[in-house]
Amino acid sequence: MPNKPWLSEGLTEKEYEMIVDLLDRKPTTTELGIFGVMWSEHCSYKNSKLILKNLFTEGECVLQGPGENAGIIDIGDGQAISFKIESHNHPSAVEPFQGAATGVGGIIRDIFTMGARPIANLNSLRFGELNNDKVQYLFKGVVSGISSYGNSIGIPTVGGEVYFSSAYEGNPLVNVMSVGLLKKENIATATAKGEGNSVMVVGAATGRDGIKGASFASDELSEDSKEDRPAVQVGDPFMEKLLLEASLELINTNSLIGIQDMGAAGLTSSSAEMASRGNSGIEIDISKVPTREKNMTSYEIMLSESQERMLIIPKKGKEQVVKDIFNKWDLHAEVIGRVNDDGMLRIFNGEDKVAEISAKILADEAPEYRRETKLPEYIKNVNEINANDIKSEDYNNDLLDLLSSPTIASKKWVYEQYDYMVMTNTVVGPGSDAAVIRIKGKDKALALSTDSNGKYCYLNPRRGAAIAVAEAARNIVCSGGKPLAITDGLNFGNPMNPEIYWQFKNSVEGITKACKKLDTPVIGGNVSFYNESPKGAIYPTPIIGMVGLLDSLKDKTTMHFKNEGDLIYLIGKNVEELGGSEYLELKEGKVDGYVPQLDLNLEKRVQKTVREAIKENIINSAHDCSEGGVAVNLAESCFENNLGVNIKINKEISNKALLFGESQSRIIVSISKELASKLENIAVENCVPYGKIGVVEGTQFKFNNLIKLDVEEMKVKWETAIEKKL
Amino acid sequence: MKAGVVTFPGSNCDADVFHVLKNIFNIDTKMIWYKDKNIKGYDLIVLPGGFSYGDYLRSGAIARFAKVMDPIIDFAEKGGLVLGICNGFQILLESNLLPGAMKVNDNLKFVCKNTVLTVINNKTPFTNQCEKSAAIEMPVAHGEGNYYIDKEGLKELNENNQIILKYKNKKVNPNGSINNIAGICNKERNVFGLMPHPERCSEPLITPGKSDGYNIFSSIISFINKRGGKIAK
Amino acid sequence: MDWEVKIETKLKDGILDPQGKAVKTGLKSLGYNNVESVHVGKYLELVLENIEQKNKAAKMVEEMCDKLLANPVIEDYSYHIKEMEG
Amino acid sequence: MDWEVKIETKLKDGILDPQGKAVKTGLKSLGYNNVESVHVGKYLELVLENIEQKNKAAKMVEEMCDKLLANPVIEDYSYHIKEMEG
Ligand SMILES: Nc1ncnc2c1ncn2[C@@H]1O[C@H](COP(=O)(O)OP(=O)(O)O)[C@@H](O)[C@H]1O
Ligand SMILES: [Mg+2]
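First to last, the sequence lines map onto chains Z, X, G and F. Anchor point for the first sequence: position 522 equals 522 in this note's numbering, and the numbering is continuous, going up by one each time. So this note's numbering is basically just the index in the second sequence, starting at one, shifted up by 726. So this note's numbering is basically just the index in the third sequence, starting at one, shifted up by 959. So this note's numbering is basically just the index in the fourth sequence, starting at one, shifted up by 1045.
One should not assume that every hint holds.
[Said to hold, decoys possible] The list that follows gives simulated cross-link-like pairs (lysine to aspartate or glutamate, EDC-like), each with its CA atoms no further than 20 Å apart:
| # | chain 1 | residue 1 | chain 2 | residue 2 |
| --- | --- | --- | --- | --- |
| 1 | G | Lys987 | F | Glu1130 |
| 2 | X | Lys766 | X | Glu803 |
| 3 | X | Lys835 | Z | Glu713 |
| 4 | X | Lys728 | X | Asp800 |
| 5 | F | Lys1051 | G | Glu1044 |
| 6 | G | Lys980 | F | Asp1111 |
| 7 | G | Lys987 | F | Glu1108 |
| 8 | F | Lys1087 | G | Glu1011 |
| 9 | G | Lys987 | X | Asp832 |
| 10 | Z | Lys193 | Z | Asp352 |
| 11 | Z | Lys717 | Z | Glu640 |
| 12 | X | Lys936 | Z | Glu640 |
| 13 | G | Lys971 | X | Asp800 |
| 14 | G | Lys1041 | F | Glu1081 |
| 15 | F | Lys1073 | Z | Asp330 |
| 16 | X | Lys896 | Z | Asp133 |
| 17 | X | Lys839 | Z | Glu356 |
| 18 | G | Lys983 | F | Glu1081 |
| 19 | X | Lys897 | Z | Glu356 |
| 20 | F | Lys1101 | G | Glu995 |
| 21 | F | Lys1069 | G | Glu995 |
| 22 | X | Lys897 | Z | Glu713 |
| 23 | Z | Lys615 | Z | Glu674 |
| 24 | Z | Lys294 | G | Glu1044 |
| 25 | Z | Lys724 | Z | Glu356 |
Because the hints were derived from the structure by calculation, they are not lab data. What you are looking at is a predicted structure, and each value in this text was computed from that prediction instead of being measured.
Build the full structure now, drawing on both the sequences and the hints.
Written out as C-alpha cells, the structure reads:
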C-alpha cells in the first residue's frame, strides 16, 4: 500500500485512524475503497446529517419519510405517491449529455425501487450566462441528455425550471425529480433480513464505469476533472425500461423481502445499506456477479457504478420467480450471496475473503461533523436598493428586455425536446405554474412544481429558502391543488468553508420554518456539496420539489387569460422592494439588496383565498407573481391566447417596484365581472389585501401610462429569446 | 370487434393506445407480446409509439425482426387493419409494409408539440370520420420523423391517394418530411402509419377542444363494424 | 478463424443529410472554411468468430447489412474485413 | 489541393456501448451467432478544399475532431486522408 493510502480514497488521516480502530486492524485495499465511498459525503451525509435532522418531516400524509430510496405520501383511495429529487451536477459538468441522462436514470430507479410506477419527471437546471460557448455546450448537452433518457424510457418530463447566471458557470446544476404512483399495499423496502435468504443482482452487467463516482461528487471541480474520465457513465434507457417493467412485475408478486437500486457506490452501498436497515449482514461472492469486462478486480466490482442494476433479497424459495420474470425481460438475475445474522458485510472472491466489515459501521457510523459557520463577508455589504438607484429610460424596453432575458424567457426550446405527454396523463404540461397529472380511473390529479431562486438564497439564505417553499406551494395552489409535501435538493459549495456552511445551515432553517407553517413536510431529498469552480462557489441553491393534490379535475386552473372582458385581480400586497430582482440585475448588473419580505401568515391566507376561489369554480386563471414582477407575470398570462390587458393600479410605491419588484405572496387572477364580488368576499373573509387592477382586453399590453406594447411583439421576443442565443 | 396492441421490448405508448381503445371506446383489446407467433382473431393490430429496443440503430430496425412481425405481415397481407403510430410507423417502413424510410428530424432534435394537419384522404378505413381537407390537431413526439421517399415512390403515393395526412404547411412541419407528409397508407388501404399520436388527443379531458385523435379511432371502429368484423379477401 | 469487420453506412447521394448539414455549419462557425461537404453516417465494428473463409465472412456481413445494419431505401454501406490477430 | 477525409469515432474501451449491445442482440436474434462483439460509432466523410499539404489537412482534421466531431471525454477517433481525384 502507498504511504498514505487514505488519501486516494478521499478519507482524512483521522478517519483512517477511526477505521483501523473500528476494525482493530489495517483495512485491505478493497475494504479501504469501501470505506472511502461509504464515508464519502455523497453516501454518508457526514457534513449535513446533524443539520438535516432539524427538517420538518412529519405530517398526516407521510407514509415514508427520509431514510429510504424515496419518500411516500398517501393520496387516498389506497393510492400513494413516491417522489424524490437528486442531483447529477458534477457528472454533467464533465459530460453533459451522459451526466444528465444517467441522473434521470438514477432518480427513476429510486422511485420504482419503492414499488411505484414513475409517472412524471421534473428537472431543475442552472447554467452560466448563455453568451459563452462552453455554457451553450453544457446547456444543449444536458437538455438533450434528459430528453434522450426520459423520452426513451417513456416517462413524461412535465415541468421544471432553468436559470442562467454566471454563478453557475463551470459548475452547472442538474437536479431531476421523479414522481411515481403505487398502491399502498405494494410499498417495497430496501431491507435485507432473514438468515440464509439469497442476495441477487439483477439488470445490467457490471463494468468498470463510474468507479468512485460517489467520491467524485464529493470534491470540487478543478482543471483536472477532465481526468476523471473513467467516472463517466453511459446510460441505457432501454435497459432501464426493461428493468422498470421487470421490477414492478416482481414487486407485484409479493415475493420480495427487499429491493434496492445500485446508485452511488454501487454494490457496496446497496449491500451495506440493505443489511444495516435489516440489522443483518450480507455475504457476497463477487465472482458470481455478471461482468461486462474481463479481469475485473474485487475492488472494481464492489465500487463500479454501472447503471441499471438492482440488488434483490427474495423470500425463501422465490429465486426462480425472480429469474423467470427477469429472463422474460431478457435481463440477468443471479444469486450472488446470502443474508447472514451477524451483521457483517463479507465479500469473497471465490474462496478468498477480500473484505469483512460490519454493515452498520459502513452505513450508519460514518463520522458526523458539525462544521464551523461564519457570517459571509459579502452579506455584510448587502445594501438596500432604492428605485432611484436604477437608471431607466423607457419601461417598454425594460419589459421587452426582461421578457427576452433567458432566465425569464419561455423555456419552450427546452421542453419541446421533452416528451411531456407520454402516458396520456398530462392535463397541464410545461408552461404554466405547476404541471397537472391526472390519476387514471379517479377524478383526481397531482400538481407538481420545482422552485428555487439562487439569488435570493445568496443574499439571504434563510429567507430565500423559505421563499422557495412558499413559491412552490403558491404554484401548486394556482394550478388548483393542495400542497402536500416536498423533496429538497440542496446544492451548495464546499462545506469546509464556514461561510458556505452558514449558507447551508440557514437555508435548511428557512425550509424548516416554511414547511412547518405551510404544513408541507420534507419526505426526502439530496445534498450536493462542493459545487465550486475555480471562480468560486455557486449561489446556495436549495431546490424545492413539491407535490400537491387536486381532489377534483374540475379544479384544474392555468395561468393563461381566457376571456376578453374578464377582470384582473391581484391578491396580496405590492411593496416597495427591488432587492435581488431580475430587474436590478438586468439594468445595473447587480445582485444586491434586501430579499423581498416573506410573511408566512399572509402567504397562507393568500393561498387559502385563491384555493377557495378555485374550489368555488369562479376564477378563470391564476398566476403566481415571481421573477420579473407584476409586469412580466401579466405578460406571461397574455401569451397563450393572444389577449391584451389594460392595467390601472393606484400606486403607492415607485413605478419600478410596481412594475418589476418581486414582492412575495401575490397571485394574479382573472374572473368574469359577475363573479368578482364573490372573490372579493373570499379575500375579505381571509383578511387578505387585494385590488382590482385591470381588465383583459384587446391585443395590447397597457399598464398605467407606463407601458404600451403589442402582445404579439412581446410574445415573439419571449418565445424566441433562448433559441436566438444559441 | 377485437383489437391487439403489440408490446416490443421498450415500447412505451402501448399502454396509452390500450387505454383509449379499452376505456374510451370500450373495445375488446389485448396486449400482444413481441414473441407471440399466434395472433388469431383480431380485427385491428396496433403497433404503438415509443421506442423499441431503444431504437439505437435506426428506429424500428430491430423490432421489425421480432417474432410477432411474421404473423402481422401475414395479417396485413390478408387485408387485416394495421395501425402504426410513430415508432409503429417506423416499424411498418422497416418491414416494407409501407414504402419509404425515416430520417432524423431536420433540426436533429426530438420534438414534442401539437401540430396542425390536413386530412388529404378521408376515404380510408382510418379517416372515414374525418372531414376531407379539414385542419386537425394532433401532437407529435419523435426524433426520427423526417419521412423520405424517392421521386417515383412519391409519384406513386400521390397517384394512389396513399397520402392521408400532411402537416398543414412547411412552417408547421416539425421534422422536414418530404411534401409535409405525416401519414400514409398502403395501396390496399389497410395499413396506415402516421407520426402524430392520435391516442394522445382522444379524450377531451386532457386535450380540451382538441380531440381529433378520437376520429381516427372511431373511423377504424366504424369501418370494422360495417365490414362485420370479418377480414376482407 | 476470427474476423474484425468495419462497416460504414451513410445516406445515399442526393438524399439530404441533416446531420451532415449541421456538422458543416458547426465547422464553418468554428472558422474551418475549407470544409466543402460533410456526410454523417454510422460506423460499426464487429468481431465474427469461427468462420473459416474470408469470403464466407464477407457474405455474412453483406447479408447483415442488407437486412439490418443499413436501410437499403436510403443508405449505402461499405465494409472491410481483416483477420483478427492473436 | 482537395482532400477526402474519412473519420470514425467510437466509444473508449470500458465505456458502456448500449447501441452496440442492442445491435448485437438484434443480430443474434436473426441467427448470426458468430457475432462476438459489436461497437457502434459515428462515421463522417468530409471534403477539405484548397489545402496545400497533407499534413496541414491532417492537423486540421485532428483539431476539428478534438473540438467538435468527437467527444474527447468518451470517444476515440481515427481518420484517413486521401487526395481527391478529378
Ligand atoms: N436534503 C435532504 N432532506 C431530507 N432527506 C434527505 C436529504 N438528503 C438526503 N435525504 C434522505 O437521505 C436518504 C439517502 O439519500 P441519498 O443518498 O440521496 O439516496 P440514494 O442512495 O438513493 O442516492 C434518502 O432517504 C433521502 O431522502
Ligand atoms: Mg437509492
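Hint by hint, here is what the structure shows:
{"no.": "1", "hint": "Lys987(G) - Glu1130(F)", "result": "violated (24 Å)"}
{"no.": "2", "hint": "Lys766(X) - Glu803(X)", "result": "holds (14 Å)"}
{"no.": "3", "hint": "Lys835(X) - Glu713(Z)", "result": "violated (26 Å)"}
{"no.": "4", "hint": "Lys728(X) - Asp800(X)", "result": "holds (17 Å)"}
{"no.": "5", "hint": "Lys1051(F) - Glu1044(G)", "result": "violated (24 Å)"}
{"no.": "6", "hint": "Lys980(G) - Asp1111(F)", "result": "holds (19 Å)"}
{"no.": "7", "hint": "Lys987(G) - Glu1108(F)", "result": "holds (13 Å)"}
{"no.": "8", "hint": "Lys1087(F) - Glu1011(G)", "result": "violated (30 Å)"}
{"no.": "9", "hint": "Lys987(G) - Asp832(X)", "result": "holds (18 Å)"}
{"no.": "10", "hint": "Lys193(Z) - Asp352(Z)", "result": "violated (24 Å)"}
{"no.": "11", "hint": "Lys717(Z) - Glu640(Z)", "result": "holds (14 Å)"}
{"no.": "12", "hint": "Lys936(X) - Glu640(Z)", "result": "holds (15 Å)"}
{"no.": "13", "hint": "Lys971(G) - Asp800(X)", "result": "violated (31 Å)"}
{"no.": "14", "hint": "Lys1041(G) - Glu1081(F)", "result": "holds (15 Å)"}
{"no.": "15", "hint": "Lys1073(F) - Asp330(Z)", "result": "holds (13 Å)"}
{"no.": "16", "hint": "Lys896(X) - Asp133(Z)", "result": "violated (31 Å)"}
{"no.": "17", "hint": "Lys839(X) - Glu356(Z)", "result": "violated (55 Å)"}
{"no.": "18", "hint": "Lys983(G) - Glu1081(F)", "result": "violated (35 Å)"}
{"no.": "19", "hint": "Lys897(X) - Glu356(Z)", "result": "violated (65 Å)"}
{"no.": "20", "hint": "Lys1101(F) - Glu995(G)", "result": "holds (16 Å)"}
{"no.": "21", "hint": "Lys1069(F) - Glu995(G)", "result": "violated (35 Å)"}
{"no.": "22", "hint": "Lys897(X) - Glu713(Z)", "result": "holds (19 Å)"}
{"no.": "23", "hint": "Lys615(Z) - Glu674(Z)", "result": "holds (17 Å)"}
{"no.": "24", "hint": "Lys294(Z) - Glu1044(G)", "result": "holds (18 Å)"}
{"no.": "25", "hint": "Lys724(Z) - Glu356(Z)", "result": "violated (58 Å)"}
Comparing the model with each earlier hint shows violations of hints 1, 3, 5, 8, 10, 13, 16, 17, 18, 19, 21, 25; every other hint is respected.
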